[in-house]
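If you read the sequence shown in our numbering, its first letter stands for residue 669, the second for the next number, and so on.
Everything labelled a hint here was simulated from the structure, so no lab data went into it.
Think of the CB as a built atom: it goes at the ideal place given N, C-alpha and C, for glycine as much as any other residue.
Among the hints, erroneous ones may be present.
The calculated BS3-like cross-link candidates involving lysine-lysine, where the alpha carbons are at most 27 Å apart (straight line), are [what the hints assert, rightly or not]:
(1) K751 x K794
(2) K777 x K854
(3) K776 x K751
(4) K855 x K868
(5) K776 x K851
(6) K711 x K776
(7) K855 x K751
(8) K794 x K711
(9) K776 x K794
(10) K868 x K854
(11) K882 x K851
(12) K777 x K851
(13) K868 x K751
(14) K794 x K855
(15) K714 x K851
(16) K851 x K794
Okay, the calculated beta carbon distance ranges per label pair [said to hold, decoys possible]:
(17) D816 x A873: 50 to 58 Å
(18) L897 x I877: 12 to 20 Å
(19) K868 x T925: 26 to 34 Å
(20) P797 x G915: 18 to 26 Å
(21) Q715 x D795: 45 to 53 Å
(22) E705 x A874: 12 to 20 Å
(23) D795 x E937: 49 to 57 Å
(24) D816 x Q785: 17 to 25 Å
(25) Q848 x L928: 40 to 48 Å
(26) K851 x E937: 40 to 48 Å
(27) R741 x T872: 32 to 40 Å
(28) G889 x Y779: 30 to 38 Å
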Amino acid sequence: MEHPELKRHETIIILDFGSQYTQLIARRIRELGVYCEIHPFNKVDKQFLTAANIKGLIFSGGPASVYEAEAPRVDKELLELDKPILGICYGLQLLTYLAGGQVGRAEKKEYGLAELQLAAAHPLFKDIPDNSPVWMSHGDKVLSLPADFRVLARTDNSPLAAIGHNSRPLFGLQFHPEVQHSKFGKKILANFLFHICRCKGDWTAASFIEESIKDIRQRVGERRVLCGLSGGVDSSVAAVLIHKAIGQQLHCVFVDTGLLRFREAEEVEQVFRS
């Protein structure tokens with residue numbers, strides 16, 4: 669089911685390939701005032717991604733090797749959507765693979781800080797110093813660029829640390845701009861959003877709450893809602909939002925999963941009874 673924010677705001681779609689940092693990518697984008705959604709890489713279709721308010725796509729990182737037979741991949745047709753695409757780590761390797769380049773195992777796996785050296789001026793790196801620390805976490809690397817791609821930045825161990833197409837908005841980063849260790853990573857993401865995707869930054873967390881409440885009221889109407897409440901973040905946030913929307917029409921049932929800490933079940937009951 670589509671969230672109403674998807675229709676009301678400019679949206680970035682993150683295709684998740686299993687990275688431990690995927691949620692962090694989404695957090696950074698939302699901090700920059702742009703609505704985004706995370707979707708499993710194999711649960712979206714081309715028609716969905718053609719929506720006018722979807723301004724760009726991000727391919728997340730992931731633990732797989734793109735050249736393996738069972739590696740998670742998307743259809744090459746996604747590159748023909750005329751939507752800006754940013755591949756991060758595995759996402760860079762997937763973009764390279766789909767565009768006809770070569771990816772293989774790196775002679776030296778890389779985990780930790782590296783110094784990024786810009787190789788060419790580009791809007792993606794607007795106001796980024798020529799040398800800056802970035803966070804690497806990969807065991808594969810790009811061996812050869814696809815046709816019509818060029819190097820935008822390198823590190824000592826990754827000569828193809830950032831790449832871009834010569835005429836289309838297709839980009840890849842071997843490093844992780846979403847983590848705090850990449851000093852100017854958030855600025856790089858901002859450049860992708862505002863200079864490449866042309867987003868305006870029209871979303872806030874407050875607007876998300878307001879519009880979610882309106883949508884819940886519209887969907888529920890005069891009916892009642894039964895909510896299973898475990899005390900975890902997901903069910904608690906859902907219960908609070910629904911209660912703000914429909915008040916006494918909501919009935920919560922506490923589900924003790926047995927996974928809470930000592931006497932935490934009693935605390936959960938006290939909080940939500942009050």
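Against the structure, the hints come out as follows:
1. K751 x K794: Holds, at roughly 20 Å.
2. K777 x K854: holds (24 Å)
3. K776 x K751: violated (34 Å)
4. K855 x K868: holds (15 Å)
5. K776 x K851: Roughly 23 Å separates the two Cα atoms, so the pair holds.
6. K711 x K776: violated (34 Å)
7. K855 x K751: With a Cα-Cα distance of about 20 Å, the restraint between K855 and K751 holds, given a limit of 27 Å.
8. K794 x K711: Violated - the C-alpha atoms of K711 and K794 are around 34 Å apart, more than 27 Å.
9. K776 x K794: violated (30 Å)
10. K868 x K854: With Cα atoms ~16 Å apart, K868 and K854 stay inside 27 Å; holds.
11. K882 x K851: violated (39 Å)
12. K777 x K851: holds (21 Å)
13. K868 x K751: holds (16 Å)
14. K794 x K855: holds (8 Å)
15. K714 x K851: Roughly 34 Å between the alpha carbons, so the hint for K714 and K851 is violated.
16. K851 x K794: holds (14 Å)
17. D816 x A873: 50 to 58 Å: Violated, since D816 and A873 (Cβ atoms, about 39 Å apart) do not stay within the stated range.
18. L897 x I877: 12 to 20 Å: Given range 12 to 20 Å: holds, Cβ gap about 19 Å.
19. K868 x T925: 26 to 34 Å: Violated: the Cβ-Cβ distance is about 42 Å, outside 26 to 34 Å.
20. P797 x G915: 18 to 26 Å: Hint violated: Cβ distance 53 Å, outside 18 to 26 Å.
21. Q715 x D795: 45 to 53 Å: violated (37 Å)
22. E705 x A874: 12 to 20 Å: For A874 against E705, whose Cβ atoms are near 18 Å apart, the range 12 to 20 Å holds.
23. D795 x E937: 49 to 57 Å: holds (51 Å)
24. D816 x Q785: 17 to 25 Å: holds (23 Å)
25. Q848 x L928: 40 to 48 Å: Hint violated: Cβ distance 30 Å, outside 40 to 48 Å.
26. K851 x E937: 40 to 48 Å: With a Cβ separation near 45 Å, K851 and E937 satisfy 40 to 48 Å, so the hint holds.
27. R741 x T872: 32 to 40 Å: holds (35 Å)
28. G889 x Y779: 30 to 38 Å: Given a distance of about 52 Å, which is not inside 30 to 38 Å, the answer is violated.
Consistency with the previously given hints fails for numbers 3, 6, 8, 9, 11, 15, 17, 19, 20, 21, 25, 28, ordered from lowest to highest.
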